[in-house]
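S.K.: One-letter residues, chain by chain:
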Amino acid sequence: MNSVASKRLFQEYKHLTTDPPEGITAGPVNEDDLFLWEAMIQGPEGTPYEGGVFPAELKFPKDYPLMPPTMKFQCDIWHPNVYANGVVCISILHPPGDDPNHYEQASERWSPIQSVEKILISVMSMIAEPNDESPANVDAARMWRERRSEFDSRVKADVRKSLGL
Amino acid sequence: MAQTETSINIPQLLAVALVGFFAIRWYLNKPPPSSGGSNSSSGSSRGRAVDPAQVAQISAMFPQLDRRSIAWDLHRNGGNVAATSERILTGRGLDNPPPSYQPPLPAQPTEQRSSVAPSAAAGQPDLITRYGLQSRISDKGKEPVRNEEQKRSAWTSDKAARAEGLKKRREDMILEARRKMMEKDAGRA
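Each protein sequence line maps, in turn, to chains A and B. Numbering follows UniProt numbering, with no gaps: position 73 of the first sequence is 73. Numbering follows UniProt numbering, with no gaps: position 7 of the second sequence is 7.
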């Protein structure tokens, strides 16, 4: 409980509770284990995800904030940058340093000056604007690129289903 | 003088023997792949390659059969589709291929799997079930709309109260999303 990671996570939890960004709720599943969080992200307005709520699990490493957490959606989300199993692929969740493929700027990747809040906001904007340069879900990326109306209606159907409607 | 020379030569001899041993071993292991290297990718150096189209043809007739077994039978009878079909039809069945036999079959099974995967992943329960909110959606639309105060208040020093607050905010988020969606539907109807 006294480790740097726990202190920092507790601090972030407090901040996210008292001043949460619009459309985001996040906190530890159980305060006895600050390394496992659950976050809820609202689907951004003006996108097919609008109206949806997407739960995700965040797992923090023991050396947080030196290394980033991993994030996995706990619901069906059809998106080019989310693997079929729900794992999110976004540069802010990639370990610090330069990309060996020179694909991403070091500044886009994880560093201790980032935060859970920044991750969740980045994921929210990723939901709104998929990056189809390095898709995690190739089928979704292809549909997004080539058959946008089919993509949109599939996402909307998933959103309704997730709300039990 | 002579003594120093021999003491140098023994390790050298040993080294030469060792290098020679490995060189011979390497040479003896090398030939099979290198002799077939020029055309090993087609597989034609070892018997004949099975035409994937023939495998697909038989597989279309008998989809219950393992494609590897079909390929193995074709491989052994020299690509005779009629003979393989005859063999299956007469009920003799196909032999199981040895595990080392891995024909380069087209990716039909994987294709099926990838088209099945998204729908299999679609087995996630909805949020109402996941968070046990069934009891709270019965009085439809009657959920009190939370105000800004409630949304951003609540950092207490009590751990249980914090957990409770977080749970409530999560549930409210889902219920509010559902309520809005239903309102939208009602507005459209």
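Be aware that one or more of the hints could be misleading.
[As the list claims (entries may be wrong)] Capping the alpha-carbon separation at 30 Å, the derived lysine-lysine pairs in DSBU-like fashion look like this:
hint : chain 1 : residue 1 : chain 2 : residue 2
1    : A       : Lys59     : B       : Lys167
2    : B       : Lys184    : A       : Lys62
3    : B       : Lys184    : B       : Lys168
4    : A       : Lys72     : A       : Lys7
5    : A       : Lys156    : B       : Lys180
6    : A       : Lys72     : A       : Lys59
7    : A       : Lys62     : B       : Lys180
8    : A       : Lys14     : A       : Lys156
9    : B       : Lys159    : A       : Lys72
10   : A       : Lys59     : B       : Lys159
11   : B       : Lys159    : A       : Lys156
12   : B       : Lys167    : B       : Lys180
13   : A       : Lys59     : A       : Lys118
14   : B       : Lys180    : A       : Lys7
15   : B       : Lys184    : A       : Lys59
16   : A       : Lys156    : B       : Lys167
17   : A       : Lys14     : B       : Lys159
18   : B       : Lys168    : A       : Lys161
19   : A       : Lys72     : A       : Lys62
Treat the hints as calculated values from the structure; they're not laboratory data.
S.K.: Next step is simple, just say for each hint if it's right about the structure.
M.R.: Hint check results:
1. Lys59(A) - Lys167(B): With a Cα-Cα distance of about 18 Å, the restraint between Lys59(A) and Lys167(B) holds, given a limit of 30 Å.
2. Lys184(B) - Lys62(A): violated, 44 Å
3. Lys184(B) - Lys168(B): OK: Lys184(B) and Lys168(B) at ~24 Å, within 30 Å.
4. Lys72(A) - Lys7(A): Roughly 23 Å between the alpha carbons, so the hint for Lys72(A) and Lys7(A) holds.
5. Lys156(A) - Lys180(B): holds, 14 Å
6. Lys72(A) - Lys59(A): Status holds; Cα separation ~9 Å.
7. Lys62(A) - Lys180(B): violated, 40 Å
8. Lys14(A) - Lys156(A): Not satisfied, since the Cα-Cα distance of roughly 33 Å exceeds 30 Å.
9. Lys159(B) - Lys72(A): holds, 26 Å
10. Lys59(A) - Lys159(B): Given that 30 Å is the threshold and the Cα spacing comes to 21 Å, the pair holds.
11. Lys159(B) - Lys156(A): Violated. Lys159(B) to Lys156(A) sits at ~37 Å, over the 30 Å cutoff.
12. Lys167(B) - Lys180(B): holds, 20 Å
13. Lys59(A) - Lys118(A): Satisfied, since the Cα-Cα distance of roughly 15 Å is no more than 30 Å.
14. Lys180(B) - Lys7(A): violated, 37 Å
15. Lys184(B) - Lys59(A): Not satisfied, since the Cα-Cα distance of roughly 35 Å exceeds 30 Å.
16. Lys156(A) - Lys167(B): This hinted pair holds, its Cα atoms lying about 26 Å apart.
17. Lys14(A) - Lys159(B): With a Cα-Cα distance of about 12 Å, the restraint between Lys14(A) and Lys159(B) holds, given a limit of 30 Å.
18. Lys168(B) - Lys161(A): Within the cut-off at roughly 22 Å; holds.
19. Lys72(A) - Lys62(A): Satisfied, since the Cα-Cα distance of roughly 18 Å is no more than 30 Å.
Consistency note: the structure conflicts with the earlier hints numbered 2, 7, 8, 11, 14, 15.
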